[in-house]
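Residue numbers (my numbering), protein chains in the order written: chain D, 1 to 152; chain X, 1 to 158.
One should not assume that every hint holds.
[As the list claims (entries may be wrong)] Taking lysine-lysine pairs in the BS3-like style, the calculated list, with each CA pair at most 27 Å apart, reads: (1) D:Lys147 with X:Lys23; (2) D:Lys108 with D:Lys140; (3) D:Lys140 with D:Lys130; (4) D:Lys88 with X:Lys112; (5) D:Lys130 with X:Lys25; (6) X:Lys109 with D:Lys89; (7) D:Lys108 with D:Lys89; (8) D:Lys135 with X:Lys126; (9) X:Lys109 with D:Lys135; (10) X:Lys109 with D:Lys147; (11) D:Lys140 with X:Lys138.
No wet-lab data here; the hints were simulated from the structure.
Since we're looking at a predicted model, the values are computed, not measured.
These are the residues of each chain, in order.
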Amino acid sequence: MKELERTNNGTAAHPVATSKPLTSLEIYDRYSAMAYGIILQIIPQQHLAQEILVNVFASPQLQACNSYPFSFAACVIKLARSKAIDMKKRIMELDNSSATLPADDNDKSPQRIFDLAFRQGFTPDEVAQKLFISKSEVLKAFHDFFKSYRNS
Amino acid sequence: METRDFIESGILESYVLGLTTDKEKEFVLERVLTDQDLTDYTLELEADIMSYFNQGSVPPPPEVREIIQLRTTRRDIQKKKHVYENKSSEQPPKKDEYLEIEVNDTHIKVHKWWRPAFIAVFILSKIFLIAALYFYFKAASQEQEIEKLRAPGIETTK
Numbered sequence: 001m002k003e004l005e006r007t008n009n010g011t012a013a014h015p016v017a018t019s020k021p022l023t024s025l026e027i028y029d030r031y032s033a034m035a036y037g038i039i040l041q042i043i044p045q046q047h048l049a050q051e052i053l054v055n056v057f058a059s060p061q062l063q064a065c066n067s068y069p070f071s072f073a074a075c076v077i078k079l080a081r082s083k084a085i086d087m088k089k090r091i092m093e094l095d096n097s098s099a100t101l102p103a104d105d106n107d108k109s110p111q112r113i114f115d116l117a118f119r120q121g122f123t124p125d126e127v128a129q130k131l132f133i134s135k136s137e138v139l140k141a142f143h144d145f146f147k148s149y150r151n152s
Numbered sequence: 001m002e003t004r005d006f007i008e009s010g011i012l013e014s015y016v017l018g019l020t021t022d023k024e025k026e027f028v029l030e031r032v033l034t035d036q037d038l039t040d041y042t043l044e045l046e047a048d049i050m051s052y053f054n055q056g057s058v059p060p061p062p063e064v065r066e067i068i069q070l071r072t073t074r075r076d077i078q079k080k081k082h083v084y085e086n087k088s089s090e091q092p093p094k095k096d097e098y099l100e101i102e103v104n105d106t107h108i109k110v111h112k113w114w115r116p117a118f119i120a121v122f123i124l125s126k127i128f129l130i131a132a133l134y135f136y137f138k139a140a141s142q143e144q145e146i147e148k149l150r151a152p153g154i155e156t157t158k
């Protein structure tokens, strides 16, 4: 399992556990632009986004990606999102504000559900509660979202 | 749950995006690692997700790389130091592990606390020297006084 490799439309998918673990700078050179893009989607303030980016790539957790059973990129995506969401929550605590949905928001499209869960930091349970749908519908929306992306 | 139902449930997407709970994570990982179709699908999905996020990628400023380089270098040094300390505490050093080197340097390095210690010793030595001289001369003058006082007494008794 640790030797999984694949190619997808010419996009290099790096073997997950190579004989030599990647260093933080090697990982940075490959995935920093993608991670920075993700962080900016969650926290648009550049100075904060850069601070998070440093935290992601200087974090000891990044080395744990060397033993992640699938692609390194997915591990970086998870880590970048988790650090950005943590920062977002801390900022909200300082502002004494909480992320709420507009009262008349009835948009239950996969795009909207994905946005709420991934970028706004709501758990699938919270999204389900807020949109008055079941959790399985939320998860199904993730599948539909990437299915439509794949087919587009 | 059938493989197809499992795929369509969206739990794999949730897992890859890091939106699952620890319990769900374990469940998904167990299923994926035991089912080749799910493994293949997960790899395809990760490639799609990577491609999706690559579309929104933004190159960070070059200074960020320098900061990361500094931080990781510092961390590596600390790690090496820690490993070295652990090794040295666990195993007694062997004679063969040392390299004999010739040093022409005539200076020695001492701990910084030696400086105030030397200053304190110097000042104390001066104080004791002054005190010793004071008491010496005082004792000498007193002896002279006694001698002077004794001298007329001796003459009168004669």
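Results of checking the hints against the structure:
1. D:Lys147 with X:Lys23: holds, 25 Å
2. D:Lys108 with D:Lys140: Holds, because 12 Å separates the two Cα atoms, which is no more than 27 Å.
3. D:Lys140 with D:Lys130: holds, 16 Å
4. D:Lys88 with X:Lys112: Violated, at roughly 46 Å.
5. D:Lys130 with X:Lys25: Status holds; Cα separation ~23 Å.
6. X:Lys109 with D:Lys89: Given pair Lys109 of chain X, Lys89 of chain D is violated - Cα atoms ~51 Å apart, limit 27 Å.
7. D:Lys108 with D:Lys89: Cα-Cα ~24 Å, so holds.
8. D:Lys135 with X:Lys126: violated, 85 Å
9. X:Lys109 with D:Lys135: Violated: Lys109 of chain X and Lys135 of chain D sit about 68 Å apart, past 27 Å.
10. X:Lys109 with D:Lys147: Given that 27 Å is the threshold and the Cα spacing comes to 68 Å, the pair is violated.
11. D:Lys140 with X:Lys138: Distance of about 103 Å is beyond 27 Å: violated.
Hint check: violations occur at hints 4, 6, 8, 9, 10, 11; the rest are consistent with the structure.
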